[in-house]
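K.L.:
So the protein sequences, as listed, match chains D and X. Under numbering that gives the first Met the number 0, the first sequence has 228 at position 229, and the numbering climbs by one with no breaks. Under numbering that gives the first Met the number 0, the second sequence has 58 at position 59, and the numbering climbs by one with no breaks.
Hints are computed from structural coordinates only; laboratory data are not their basis. Being a predicted model, the structure only gives us computed values, none of them experimental. Heads up, a few of these hints could be off.
Over the 10 Å line for every Cβ pair with chain X, so calculated as not near, a few chain D residues [unchecked claim]: (1) ASN23; (2) LYS59; (3) ASN169.
Distance condition first, Cα-Cα at most 27 Å in a straight line; then the derived DSS-like pairs of lysine-lysine [what the hints assert, rightly or not]: (4) LYS109/X with LYS11/D; (5) LYS118/X with LYS133/X; (6) LYS115/D with LYS72/X; (7) LYS223/X with LYS247/X; (8) LYS133/X with LYS109/X; (9) LYS118/X with LYS16/D; (10) LYS16/D with LYS90/D; (11) LYS232/X with LYS267/X; (12) LYS109/X with LYS178/X; (13) LYS7/X with LYS247/X; (14) LYS133/X with LYS90/D; (15) LYS132/X with LYS16/D; (16) LYS11/D with LYS157/X; (17) LYS7/X with LYS113/X; (18) LYS157/X with LYS90/D; (19) LYS113/X with LYS16/D; (20) LYS115/D with LYS157/X; (21) LYS77/X with LYS11/D; (22) LYS7/X with LYS11/D; (23) LYS115/D with LYS73/X; (24) LYS118/X with LYS11/D; (25) LYS16/D with LYS72/X; (26) LYS4/X with LYS109/X; (27) LYS223/X with LYS16/D; (28) LYS72/X with LYS11/D; (29) LYS178/X with LYS44/X; (30) LYS232/X with LYS213/X; (31) LYS11/D with LYS73/X; (32) LYS16/D with LYS4/X; (33) LYS11/D with LYS115/D; (34) LYS44/X with LYS17/X; (35) LYS178/X with LYS223/X; (36) LYS115/D with LYS77/X; (37) LYS13/X with LYS16/D; (38) LYS11/D with LYS247/X; (39) LYS62/X with LYS73/X.
Using N, Cα and C, we set each Cβ at its ideal position, and we do this for glycine too.
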Amino acid sequence: MFRGMFRMPENKAMYWKQFMLQCNDIGVGSLGIISIISVFIGAVSTVQTAYQLVSPIIPKSTIAQVVRDTVILEFAPTLSCIVLAGVVGSKIASELGNMRVTEQIDALEIMGINTKAYLILPKILAGVLTIPLLIVIAMILGIWGGRLAGSTAGIIDPAIYDNGLRMDFNGYNVFFSLTKSFVFAFIITSVPSFYGYNVRGGALEIGHSSTRAVVVSCVLLLLADYVLSALLL
Amino acid sequence: MIEIKNLKKSFGDKVVLKDVSAVMEPGKCNLIIGSSGSGKTVLMKCIVGLMQPTEGEVLYDGKNYLTMSLEEKKAIRKEIGMLFQGSALFDSQTVEQNVIFPLDMFTNDKYSVKRARVKEVLDRVNLAEDAYKKFPSEISGGMQKRVALARAIVLNPKYLFCDEPNSGLDPQTSIVIDKLIQEITQEYNTTTIMNTHDMNSVMEIGDHIVYMHKGEKEWEGTNKEIIYSDNEKLNEFIFASEFLRDAKNMRTIQETGTIPKDVSDDVKEALEEKFKTDMDGDGKIG
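Work the whole structure out from these sequences, hints included.
P.N.:
As structure tokens, then:
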């Protein structure tokens, strides 16, 4: 699939337009669901961490530290990307699958357009650009969600929470998280593109390819998560 | 002009096209007919470059498409317009956006110039202006085919391919589409190649017909010659219906004064009654 994707575009303006459309679809289109998930993940992390922190000698600010590090290291990149694999991945696979089955891809090929470059490359580039940005937003909202839940439930004072956030902060965690998000973004966009582009059959096969794309993406995400953690941490 | 020389195509051990040769001339509707599974769609896809044949040549004005460089192939592709069986319109774009797409991709004209060209081709296919802002799902099958035809001709192609353009259309709309294709072929002097098993299309616009049977070119000729052909397989294909056989026989009777032996019983009775003729005799009327 990647062979032939990187040729000079027939019309740069049209490819740019396609890229911007994909940035809007993948990035802006997923902002809502990522925001909601992140807030709740942060909130649940705070409540569960507080539940497990039974010893009185451990300061409450530890809750904030734990929430910060788990959100940055794992929940924001991995959980968010698993959700995106379903949202974005199924959309990409079914869109390309439908185009294949209705001969729209053949129509583009007949016109002399490199369909891999025109249809797939903008999706991958848009994903690699916007998904890490979504993960950054997820990190911020996740930590904020924890603060909100902690203060609302009376678990932790906001000032103590803020103090805990600043304690022993390791910037490398953010670097690690963003590295994961780039790799995950590539998986989330390329795997469904492959399955959608190569569909053969009808509506049933489009559904199957979409499901398979999401499943394979999720498995690859988790595998990549483990490999990157083992290599970089 | 497109020339096909000794084209063969296999999928593993299965041979789908066996040594097919033909010349498709410009300014004519060149029809490829045959029953389902005869290889006509594979033949068209090999000619247009969507499939790679196993052997043979496809010559576009003397140059072999199969040995061209990528840049040369792209240049040829810009001279090709194709009308797909299912129209293949971009379903998330309006009618106007569909037709303007090739202009956006391959020209640097101003929007007003492109818009004027879009209007010109949509008027040519008799599509009303109130349909321009509609999506393909909001227009009828016949209108979709017309939009697809407009998109296929918007860049003034030298070669026009139509894959079963009448599929799913009623007989009246089919004739409209056929006439449009014929007029455009003559007006722009395109080399038009059309896949069909619609006998109305064959008889109305078949300037040059290639009949495919089990992957081989079984017969070649014009729409005037097809009904008088002696080719058994062709006759079996064309005259599968008794109605069509009788239509052919009535024409034979009109033109030659003789009554063919294979007329149906109903027609035999009617002729015997009218002409008091012994149908099993010399077959002459009167």
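K.L.:
Which numbered conditions among the earlier hints are violated in the structure presented, ordered from lowest to highest?
P.N.:
Those not satisfied are hints 12, 13, 17, 18, 22, 26, 27, 32, 37 and 38.
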